[in-house]
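Asker: Quick note on numbering: our numbering labels position 156 of the sequence shown as 156, and the sequence is numbered without any gaps.
Any given hint could turn out to be false.
Claimed, not checked - 25 Å max Cα-Cα, derived SDA-like pairs, lysine to any residue:
hint, residue 1, residue 2
1, Lys211, Leu199
2, Lys211, Asn233
3, Lys211, Val263
4, Lys180, Asp130
5, Lys216, Asp184
6, Lys180, Leu154
7, Lys216, Ala75
8, Lys216, Asn200
9, Lys180, Ala75
10, Lys46, Leu3
11, Lys46, Ala75
12, Lys216, Ala156
13, Lys216, Leu185
14, Lys46, Asn28
15, Lys216, Pro170
16, Lys216, Val149
17, Lys216, Asn233
18, Lys216, Glu251
19, Lys211, Leu232
20, Lys216, Ser196
21, Lys46, Leu17
22, Lys211, Thr260
23, Lys211, Asn229
None of these hints come from the bench; they were simulated from the model.
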Amino acid sequence: MQLNLDDIALFTRIAELGSLSAAARERNVPVSQVTRSLARMEAAAKVRLLHRSTHGLSLTDEGDTFLGYGRQLLATRDELAGELTGKLSEPSGWVRVSVSPALAECVVAPSLCGLYQRYPQLHLDINADDRMADMARDGIDIAIRSGNVNSDTLVARQIGSHGRILCASPAYLQAFGAPKHPDDLQHHRLIASSASPALNRWTMAEGHGQKELIVKGHTRADNTALLLNLVLNGVGISRINDLFALPLVREGRLVPLLQTQFVSPRVPIYAVMLQERQRLPKIRACIDYWAQWLAQQRERVAN
1 MQLNLDDIAL
11 FTRIAELGSL
21 SAAARERNVP
31 VSQVTRSLAR
41 MEAAAKVRLL
51 HRSTHGLSLT
61 DEGDTFLGYG
71 RQLLATRDEL
81 AGELTGKLSE
91 PSGWVRVSVS
101 PALAECVVAP
111 SLCGLYQRYP
121 QLHLDINADD
131 RMADMARDGI
141 DIAIRSGNVN
151 SDTLVARQIG
161 SHGRILCASP
171 AYLQAFGAPK
181 HPDDLQHHRL
191 IASSASPALN
201 RWTMAEGHGQ
211 KELIVKGHTR
221 ADNTALLLNL
231 VLNGVGISRI
241 NDLFALPLVR
251 EGRLVPLLQT
261 QFVSPRVPIY
271 AVMLQERQRL
281 PKIRACIDYW
291 AQWLAQQRER
301 VAN
């Protein structure tokens, strides 16, 4: 097949945007030019790549396959460009990031202005989803995840870590008082996770009786953002990811509780990449920046 990489790049944006006109607006070209590009690819591939209907566009089975290989070709092009020009110019271009909603909110969002200030030629396409993406198939440059990463085809670099701290709002403590001992928690309104039962096993430090407290919860929530919101609104006490909690503690909106009575193991945060893309300057720039940013957050907590 005689294919043009620029046509392939345009096809990936058509697939991502779901619209020929949207892709045309993004490139500031007539829709007719986008249509001709699509026609060239379908003629070269000898298959239909898109279904067109009054409801919009959708990929054919062949188009879905074409998209996967097209993204790999574009990734190889970017890697080659990075190898040839990385030492001569600053990182630039689009970086597609897959991240859990929790880490998107407490790491990516608050750090993004600083990243853009340092590297004004970078652009991020953020996919916030708890599902671990197929990085090659979905065209993901960096996946940010907590916990262990086991794969022979991926490279994982630890960029930080998080723990959990027991917290309540000042309003809750004013209404119900502060627990002085883990046994006091049986008389309090605890907020549990309905999505991850493991988060409801609160490990105690040595010398404080039982090894862990299994929390059934006065209230339950199925995601971190809602759980945090419940605590902030005085609904009860819960263990919160410290990347969320500690900035709110500094602001006086949350109060840490029983810090020496419960153990908070550190959970690593990894930036995960395909092996062939880890050397790209734009990817290295993002990962180095996030590692530095997370280290600064830890330092602020220590001080």
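Asker: Honestly, which of those hints from before does the structure not fit?
Answerer: The structure conflicts with hints 2, 4, 6, 7, 9, 12, 14, 16, 18, 19, 23, although it agrees with all the remaining ones.
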